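Place chain B on chain A using the hints.
2 protein chains.
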Amino acid sequence: MKEVTLGVDIGGTNTAFGFVDREGNCLAEGNISTGKHKDITLFFDELTEKIKHVQHAMDKNIKVRGIGIGAPNGNYYHGTIEYAPNLPWKGVIAISMLFKERFDLPAYVTNDANAAAIGEMLYGAAKQMKDFVLITLGTGVGSGIVSNGQLIYGHDGFGGELGHTIIEENGRDCACGRSGCLETYASATGIVRTATMKLEETSQSSVLREVEPADLSGKMITEAALEGDALALDVFDYTAQKLGLSLANTVAITSPEAIILFGGLAKAGNLLIHPVSKYMEANLFSVFKGKVKLLSSGLQEQNAAILGASALAWQELKKEHYNAVQSS
Amino acid sequence: MKEVTLGVDIGGTNTAFGFVDREGNCLAEGNISTGKHKDITLFFDELTEKIKHVQHAMDKNIKVRGIGIGAPNGNYYHGTIEYAPNLPWKGVIAISMLFKERFDLPAYVTNDANAAAIGEMLYGAAKQMKDFVLITLGTGVGSGIVSNGQLIYGHDGFGGELGHTIIEENGRDCACGRSGCLETYASATGIVRTATMKLEETSQSSVLREVEPADLSGKMITEAALEGDALALDVFDYTAQKLGLSLANTVAITSPEAIILFGGLAKAGNLLIHPVSKYMEANLFSVFKGKVKLLSSGLQEQNAAILGASALAWQELKKEHYNAVQSS
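Chains A and B, in that order, are what the protein sequence lines are. The numbers in this note's numbering rise by one with no breaks, and the one at position 161 of the first sequence is 161. The numbers in this note's numbering rise by one with no breaks, and the one at position 320 of the second sequence is 320.
Since the hints were made in silico from the structure, they are not lab data. Treat each hint with caution, since some may be false.
Which copy is meant is left open, so a pair is good if it fits within one copy or across any two.
Straight-line C-alpha distance at most 27 angstroms; calculated DSS-like pairs for lysine-lysine [unchecked claim]:
id, residue 1, residue 2
1, Lys2, Lys127
2, Lys289, Lys90
3, Lys38, Lys267
4, Lys267, Lys291
5, Lys291, Lys90
6, Lys318, Lys130
7, Lys319, Lys2
8, Lys63, Lys36
9, Lys289, Lys50
10, Lys90, Lys50
11, Lys319, Lys127
12, Lys90, Lys100
13, Lys130, Lys319
Remember, predicted model here, so these are calculated numbers, not experimental data.
Just chain A, same shape as in the assembly:
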C-alpha cells in the first residue's frame, strides 16, 4: 500500500492538484479553471469531480492520507480563505471544511507562499533546514518564514507578509492602499513599473523600446537582460537594490540559514541572484555577513505549488500522529 497526500493549489486563473508521495513524487495530477466559477459551490463540484476521476484512474493500492490546500489569503488557523482579492469569491470561504466533508479526510489550508516554504523543507532546497525564508516573486510578493522548524503564522495566521513591508516612504502606490511596499518593486508587475520608469527617464537605447508600453512583461525584461540589453540590466540592478536591502533587514530579524527565491521572477536565476546577493551583503549587519545562502527553489517548477500543498498535509499528519502518541 503506497500512501499519498492530495495537494491542491488554488490560483486566480487555475486550480491544480496532484497526488504526492512522501518523497515528493507526483503520481497523478489535474486542473480546472478557477476564474470561470463565480459561485464557489459550482467550482467545488467541478473540482471534486475532476479529483475523483483522476484518483479512480490511479493504482488501487494507493491510499490518500489527507489534503493540503495552498491558496491566496489562506488562513491556517481558521481553515479558511479570507477576502482574497484575486479569487472570484468574496468574504470568508471555509475551504478546509468543504474538503473534509466531501472526501472524509483531514484537510489543511495555508497561503501559497507558506505552502511553498513547507514544500522546500520536505522536498526542495531547504531539506534539513530549521531556519529559512522563502520569498515568492510572482505577480505579487509573498513569503513563508520558518524559525525553529516551524512556520511563523503569528497571532492571527497572517505572518510572513514580507511583500507588504514598506521599504520606501512615500514610494510607489500599492494595490493594498498604502505606498512603498516591497511588492511594488520586486514583483513581476514591479519590474515592469521599473522598466517603464527607466524607459521614460532615460534615452538609453533598448529592445524594450520596440514593445508597446502596455504589452511589457517581466518575461520580456528578463529575456532582454539575458541578451545583454543595458537598460534591462539596469532594471534588474534597481530591483536587486530594493530586494537586497529588504532581505538584509529580514536576516537581522530571523537570522535564516538561507533565503530561497521562488516564482516567476525567480526564474531569471543568477541574473537576479548575483546582484541581490551583492546588495544584501553590502547591507548586512556584520555578524550575518557571508553566512546566508541565497538559493533558487529546489522544487520541480511545474508542480511546485502542488508539492507545497501536499507537503503541508504531510507535515500536519505528522504533528497529529505525534500529539496522539503523546496523549496515549
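Frame of chain A, contents of chain B only:
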C-alpha cells in the same frame, strides 16, 4: 524546600544578580562593577564570591536549580559572549562553562533583549502569549522576538537584531559601521541626536537650549516633553515616526499579539506609546490594523534584567525535564 534560579545580568557598567522563584519574586540580590575588571578571571572571581556570600545569607531551605545569564552579544547556542563592544573583554568568552564549573549547576546564556522577552513571558506583560515582540530602547536598541512560544534565535543564535535593521538609506552613521539603523533613531542616544538636530535646525524656544549640548540626555528630553516643551515633544514625534514604521514592518513579518517596549526610553510611557501607536497603525497592512497591542514592560523595573536571566534558566530547565521524560 523552595526552588529558585540564579539570574545574572552582565552589563557594560555593572553586573547584577538575584535568586528568583518560579513566580518571579527576587529573594536576594547583589551586584559588582563590570567595568573595573579588564581581566575576565578577576571579574568572575569577584562575582562568584559575591554570589556565594549572598547565597549563604539566604534561608537554608532554598535550593538553586540553575543559572541564567543575560549579556550583550550573548550566544544561546554556543553559551558564549562573542565580541561584545561594550564589555571590557575581547573575543569569545565561554561564560556558561565558567558558571557550570564553578557552581556545578546547569547554566544558560542569551543576549539581554532575549532574556527580557523570556522574563515578560514568564512573569510580565506577555504571560500566556505565544507570539510577541519585545524591543529594548536603551543606549542601543535590541529585540527579542517570540513565535510559536519560542524565541527566534535563528540559524546562528543572533536573530532578533531589530535595532540593526536599516530604516533610512544613507541615514545616520551607526556604531556598527553602516548607516540608517533603527538604533540611531530610537535609542536614548538616538533621541539626543534628534534633539540636537532640532535645536540646530529650528529657532524654536525650548528649555533644552539651556543645557550644554554635550550634557543633553534622554532623561532630560523626556522630562522636558512631560512638561509640555514643544521642541521636546517634536523630538518624540520624530522618534515615534521612525519607530512606528519599523514596528509596522515587523508586524508584517511575525504578526505578534503584542509589542512590548522595554528599557530607559520606554520609561517615557504614553509620551512614547501614543505617537508610536499612531504611526504604527498608519503604516500597518490592513489585515493587522487595530489588532496589535503596544505595551510597557510588565517587569518590576529595578530587577527586570535579573528576572529575564532567571526566566531563561526556568525555561531551559523545563525543556530539559520535558526531553528527559520523552526519552525515558
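Verification of the hints:
no., hint, result
1, Lys2 x Lys127, "within (22 angstroms within a copy, 45 angstroms between copies)"
2, Lys289 x Lys90, "between (45 angstroms within a copy, 20 angstroms between copies)"
3, Lys38 x Lys267, "neither (32 angstroms within a copy, 54 angstroms between copies)"
4, Lys267 x Lys291, "within (23 angstroms within a copy, 37 angstroms between copies)"
5, Lys291 x Lys90, "between (43 angstroms within a copy, 22 angstroms between copies)"
6, Lys318 x Lys130, "both (16 angstroms within a copy, 22 angstroms between copies)"
7, Lys319 x Lys2, "within (20 angstroms within a copy, 37 angstroms between copies)"
8, Lys63 x Lys36, "neither (31 angstroms within a copy, 70 angstroms between copies)"
9, Lys289 x Lys50, "neither (49 angstroms within a copy, 39 angstroms between copies)"
10, Lys90 x Lys50, "within (24 angstroms within a copy, 66 angstroms between copies)"
11, Lys319 x Lys127, "both (18 angstroms within a copy, 25 angstroms between copies)"
12, Lys90 x Lys100, "within (21 angstroms within a copy, 59 angstroms between copies)"
13, Lys130 x Lys319, "both (16 angstroms within a copy, 18 angstroms between copies)"
Checked against the numbered hints above, the structure breaks hints 3, 8, 9 and satisfies the rest.
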